[in-house]
Each structure stands twice: as C-alpha cells, then as structure tokens.
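J.: Its first residue numbered 231, the sequence shown is counted upward by one per residue in this note's numbering.
No wet-lab data here; the hints were simulated from the structure. Be aware that one or more of the hints could be misleading.
Under the rule of at most 30 Å between Cα atoms (straight-line distance), these lysine-lysine pairs were calculated in the BS3-like manner [stated by the list, open to error]:
no.	residue 1	residue 2
1	Lys233	Lys310
2	Lys233	Lys311
3	Lys278	Lys310
4	Lys366	Lys278
5	Lys233	Lys278
6	Lys323	Lys311
7	Lys310	Lys323
8	Lys311	Lys278
9	Lys310	Lys366
10	Lys233	Lys345
11	Lys345	Lys310
12	Lys242	Lys366
13	Lys366	Lys323
14	Lys366	Lys233
15	Lys311	Lys366
16	Lys323	Lys345
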Amino acid sequence: MSKISMQEAAEKADAIMLGTVSSVQPGLTWVHDASSDSGCENYTIDGKSTGSVTRGTIVMTIVSEARRGSLLGVVERYWKKSGYTITGVNSNKDLPAVYARTPDDFRMSVFVGHKGQFFFDIATPCFIESEVTPPKTQANGAPFEGENIPSPYVQSDFWSATTPIPSPSP
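Use the sequences and the hints to build the structure in full.
T.: What follows is the structure, given as structure tokens:
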C-alpha cells in the first residue's frame, strides 16, 4: 500500500468519504470542502519524496440539535462496521465529534461546527508525491464559491425535525 501515489490515496479517501455520507439514511445534502496536500518532510519511499492529502465534505442539510447525536451515532456505527477504529469521541454539547482511522492509517473525523453544520475530514498517510486532482465523486449539493462556507440551508423532514428520534419499541 505504501508505494501508491498521492493521487491514488486521494481517490481512496474520496471513496471512504462517499461511503460514509452515503451510509446516512435519510440522505444528506453535501458539498466538497477545499482539498489540500502537503509534503512529508524527511520521509521517502524508495528514495522518492512523499506527501499526504486531506479531503473534506460539508453537510448542507440542517441537522437539528435534537438529531445531531443520532447522526454522529450513524457515522460511528458505519465506521465500526467498515473495520475502522474509533480513536476518540468529543461529547461536548455544542461541538461534538467522532474520530477514527482505517487499518492503513487514513484518519477521519466528523464534527459539528457553527449552527450545527456537520463536517467530514479525512487525511491520508504519506505516499509517493504526485499531482492531486479534485475529487471525482459527485456531490449532491450546490457548490459554493469563495472561502465563506454557507450555513446549512437544506430542510429535511427527518434530520431537521426538532424532536429526538423515538426509541424502538421493546
């Protein structure tokens, strides 16, 4: 695995990200966040320079305060089912988060930010340096321009509801 390029690592990160957001039902409206890549100082593979890639997704669906914990739980269960290790949970009432890693050390997080907006991030380990193209995965939300991330604006009968999800009957 370590001899793949940064582009191949980015594509794997995109697949993990798409699998994660697609696992959420009812579905979410989301867009790609800015990608970044950086070199890994003093680390080479077969004498070649290396770098890592970070990908992100921003959820545009309004997730009510009453449903945020449920959405975090859906993601955490999906990651565990996928064989990923949960490395941390921040149970802060206002800015909760879940952190995980894959067996090959891709590191991901889902966290709640301003106005309850959900953000997904994934960072790759160091791989052979290469050009990295934008994600090929198709977001289902309208892309935005500039650095100002719009607040969530898509209403969902399920995720935007202000009541907690009812517990299943015994």
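J.: So if I understand the rule, the pair passes when the alpha-carbon distance is 30 Å or less; does Lys242 with Lys366 pass?
T.: 11 Å, holds
J.: Compare the distance between the alpha carbons of Lys366 and Lys323 with 30 Å, and conclude whether the hinted pair is satisfied.
T.: Since the Cα atoms of Lys366 and Lys323 sit roughly 35 Å apart, the hinted pair is violated (cutoff 30 Å).
J.: Taking 30 Å as the top limit, are the C-alpha atoms of Lys310 and Lys323 close enough?
T.: Holds. Lys310 to Lys323 sits at ~23 Å (cutoff 30 Å).
J.: Are the Cα positions of Lys323 and Lys311 separated by 30 Å at most?
T.: 25 Å, holds
J.: For the pair supplied as a hint, Lys233 and Lys278, confirm whether the alpha-carbon distance does not exceed 30 Å.
T.: 10 Å, holds
J.: Quickly compare the C-alpha distance for Lys345 and Lys310 to 30 Å and report which way the hint goes.
T.: 27 Å, holds
J.: Taking 30 Å as the top limit, are the C-alpha atoms of Lys233 and Lys310 close enough?
T.: Given that 30 Å is the threshold and the Cα spacing comes to 26 Å, the pair holds.
J.: Lys278 and Lys310 were given as a pair; does the straight-line alpha-carbon distance stay at or below 30 Å?
T.: 34 Å, violated
J.: Take a quick look at whether Lys233 and Lys345 sit within 30 Å of each other, Cα to Cα.
T.: 41 Å, violated
J.: Does Lys278 lie within 30 Å of Lys311 when you go C-alpha to C-alpha?
T.: Cα-Cα ~35 Å, so violated.
J.: Quick one, are Lys366 and Lys233 close enough, alpha carbons at most 30 Å?
T.: 22 Å, holds
J.: Do the alpha carbons of Lys311 and Lys366 lie within 30 Å of each other, as the hint requires?
T.: 25 Å, holds
Checked against the numbered hints listed earlier, the structure breaks hints 3, 8, 10, 13; every other hint is satisfied.
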